[in-house]
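Here the protein sequences line up with chains A and B, keeping their order.
Mapped onto my numbering, the consecutive letters of the first sequence carry residue numbers 1 to 605.
Mapped onto my numbering, the consecutive letters of the second sequence carry residue numbers 1 to 182.
Rather than coming from a laboratory, the hints here were simulated on the basis of the structure.
Here a beta-carbon is modelled for each residue, glycine too, at the ideal position from N, C-alpha and C.
Don't take every hint at face value.
Unchecked claim - Away from chain B, derived, C-beta distances all over 12 angstroms, residues of chain A:
# : residue
1 : A31
2 : G82
3 : E121
4 : N164
5 : A182
6 : S259
7 : T387
8 : T601
Unchecked claim - Covered by chain A, per the in silico footprint, the following chain B stretches (three or more residues, Cβ under 8 angstroms):
#  : stretch
9  : 68–77
10 : 107–117
11 : 134–148
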Amino acid sequence: MTAHRRSTKKSGQVLLIALVFFGIFVSVTTAFISLLSVNAARAQSDVTNGEARALAEAGVDRAVAALNKDPSYTGETGTSVGEGTFSTTVTTIDSSTKEITSTASIPNSAHPLATKTIRTEVSINSAVVSFRYGVQAGAGGFDLSGGATVNGSIYANGDINATNGVHITGSAYAADPPALSADQTNGSFSPIASCTSSNCITFGNASATQDLAQSFKISSAVGLNNLQFYIKKVGNPADATVRIVTDNSGVPSSNTLMSGTLSASLVTTSFGWVTVTLPSTPILDPSQTYWVVIDASSNAAKYYIIGANTDGYPSGEARIGKYGGSWSATSPSNLDAYFKLFLGGGTSMIGGNNYPTGVYIGTTGSDSASAHYVEGATVTGPLYCQTSSYTSKACDTSQPDPTPAAMPVSDSNIAEWQTEAQAGTIIAGDETIGWAGGTLGPAVITGDLTVNGGGTLTVSGTLWIQGGLSVSGGSSVKLASSYGANNGVIIVNGPISVAGGSHFYGSGTPGSYPFLITTSACPAAAGCSGANAISLSGGAGAVALIAQNGTAQIDGGTALKQVTAKTIVMDGGATLTYDSGLINASFSSGPGGSWAFVPGTYSSQ
Amino acid sequence: MTRGYTLIEIIVVMGICLLLLGALAALYRAFTTLYVYSNSTNATTDSAENIIQATESFGIDADRVVDSYALSSATYHSSSSTLVFELPSLDSTGAIIADTYDYAVFYATGTQAYEVVEANPASARHSSTRMFGNNFSSLSFTYDNADPGSADEVTVDAVSTATAHGSTASDHLSALIRLRNH
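Start from the sequences, fold in the hints, and give me the full structure.
Here it is as structure tokens:
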């Protein structure tokens with residue numbers, strides 16, 4: 001008989017215990033991982049919020065650019081850029097103001113991780129410039145003759161040469177130049193006991209070393225007064241001509257702007273400072289490099305020696321050679337001549353004829369003339385001066401001489417207008433508007449602009465011409481009607497030439513004029529070839545001309561509204577009628593032009 | 001008759017349980033240490049990030065840095081240690097209320113950094129005072145203009161630190177804020 005064992009089955013608890021421990025372990029690990037992920041989540045949130053703001057601002061920039069191309073732009077929806085999308089809405093507030101609302105979502109608007117909405121206003125950029133005088137000249141002053149007429153007041157930071165029947169219906173002010181000062185010097189001067197090749201430059205002794213030149217730059221647009229040289233002579237050389245010439249790629253050009261005489265009789269056989277007087281005009285441009293050339297003759301026994309040092313004048317250098325010929329560096333190189341250049345000094349003058357009717361100043365008893373010296377003038381109101389001759393009345397010496405007045409247009413005004421133009425079309429190279437006419441603006445033209453053939457250029461926004469501007473052949477330049485009562489601006493880097501019966505018009509609304517503004521320093525700059533910054537002949541119309549760095553020459557012309565230049569020349573019956581509204585001239589590029597963000601209107605949510 | 005456990009079995013089981021409990025205790029201890037350290041790190045990051053975010057949020061909408069402003073509690077002068085923003089007030093739709101302004105001041109006292117907001121009664125913003133934390137070792141402001149009132153940009157630099165179980169956690173954040181409305 002087999003005994004059967006009953007099997008006993010016992011259940012265990014290991015699995016349960018293992019599960020409990022596993023559960024504890026998983027919980028702890030999960031908690032730990034969630035702690036670590038908090039920082040990562042926060043960082044990710046910061047990034048997406050930043051992305052959303054950047055994308056919303058991109059939407060605003062996009063709307064501004066679109067408005068400047070198409071004023072009817074009203075916005076767009078769901079534009080994808082990078083990691084997100086944006087939508088913009090443009091709402092018109094008034095004719096010159098719009099509100100842009102831009103909402104960006106990362107990664108999309110349907111399921112955003114971050115959303116940012118920006119609201120801001122944009123408006124037509126405008127500037128106000130004050131033109132207080134019908135005609136205002138800088139240090140170069142005025143040359144008025146030939147029956148030129150100014151219906152308004154004039155102000156010069158230099159002389160007002162007005163002769164042969166000039167009429168000025170308002171007041172005339174000629175300010176004294178700044179006091180005489182040594183503007184440029186070779187500051188490391190020390191007396192020379194004996195010459196070596198490093199402290200003396202010999203010239204006038206041979207053809208290849210006939211003339212001496214020293215380059216320089218002045219610090220402010222004030223007329224030259226005199227130059228001094230530390231110089232001696234060998235033998236008895238002839239007088240030398242001292243010329244101020246422009247720079248030609250690092251050597252003196254043959255374009256003489258002004259000249260004086262180095263009198264040989266004032267130079268001795270020992271070193272000493274000798275003065276050469278120079279004319280005060282043309283006024284040099286502080287941004288340009290010029291050369292003073294001592295143009296001597298050549299004789300091996302009669303010549304000059306000028307004191308020098310090495311790199312004593314950081315803004316220039318000396319050269320040896322021949323005026324109108326070739327130039328070479330000094331030997332040793334980097335020598336600078338001992339020289340001193342003086343600007344300013346002197347006093348102002350109005351008039352110039354030796355009879356009282358050379359210039360008529362004033363219409364009423366309150367219109368006055370004011371200068372240090374007045375000659376050949378008939379004045380209806382007070383005559384403020386210290387000395388006079390051939391005048392209708394005696395000097396009232398109670399008032400001091402006028403002082404220089406600031407020019408109305410600043411560099412920042414010009415930079416703003418250039419920025420307005422850059423918001424529009426960029427035209428590479430030269431552009432010509434012919435008989436068929438055309439519309440430009442806002443735009444930048446990298447070359448020259450020519451308007452001829454009787455065509456009409458309609459300016460619909462600020463223009464910046466980086467070359468020169470020529471208007472001729474009976475052509476016209478007018479502002480688009482959208483300018484309304486505002487003035488329009490054409491900025492030109494090079495010379496402006498208006499001839500052949502050309503006409504200028506505003507928008508049609510009273511008080512609106514085109515302003516032609518050139519930054520050219522012609523004729524006192526390289527490459528001018530004698531051209532002036534503004535040349536207006538046989539032209540007419542409602543236009544304001546500005547050439548604060550150069551010379552404006554106006555022959556003929558009627559109803560010019562305002563002229564501002566460093567030097568102003570008017571003759572040939574030119575007439576200028578100042579509009580008193582220009583005391584606060586308002587400029588606007590007009591609708592369809594430069595929309596720009598308005599600070600103070602930006603808000604975000 | 002139910003068979004019991006032998007002494008060897010009990011000893012083995014007790015040994016295994018002791019091992020498991022030891023491992024659990026070690027895990028718990030490691031977790032608490034890391035928890036405390038991570039909390040400290042998060043706290044420093046929180047403090048520095050929050051003040052950077054707050055200054056950015058107010059600064060971007062500000063129209064200027066104010067040289068000096070008198071709140072009801074004190075007068076604050078913008079400097080390298082204090083920043084006062086002037087912001088155009090907003091209505092409930094987010095539109096700017098003309099000629100109406102709110103002010104936000106940021107500064108640190110000892111290791112505590114504060115934000116004080118004084119909102120115009122018409123503004124949708126609310127006046128408030130907020131402390132960002134008690135662990136700042138440095139809070140400084142740099143302006144792109146020698147005169148803070150003329151600044152277009154402000155750089156905020158915040159350093160917060162915390163010590164836990166002998167280890168020091170530090171967070172150094174910096175942000176350049178451009179005033180959009182200036």
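Each hint tested on the structure:
no.: 1; hint: A31; in the structure: violated, 7 angstroms
no.: 2; hint: G82; in the structure: holds, 20 angstroms
no.: 3; hint: E121; in the structure: violated, 9 angstroms
no.: 4; hint: N164; in the structure: holds, 53 angstroms
no.: 5; hint: A182; in the structure: holds, 33 angstroms
no.: 6; hint: S259; in the structure: holds, 48 angstroms
no.: 7; hint: T387; in the structure: holds, 48 angstroms
no.: 8; hint: T601; in the structure: violated, 6 angstroms
no.: 9; hint: 68–77; in the structure: violated (count 0)
no.: 10; hint: 107–117; in the structure: violated (count 0)
no.: 11; hint: 134–148; in the structure: violated (count 0)
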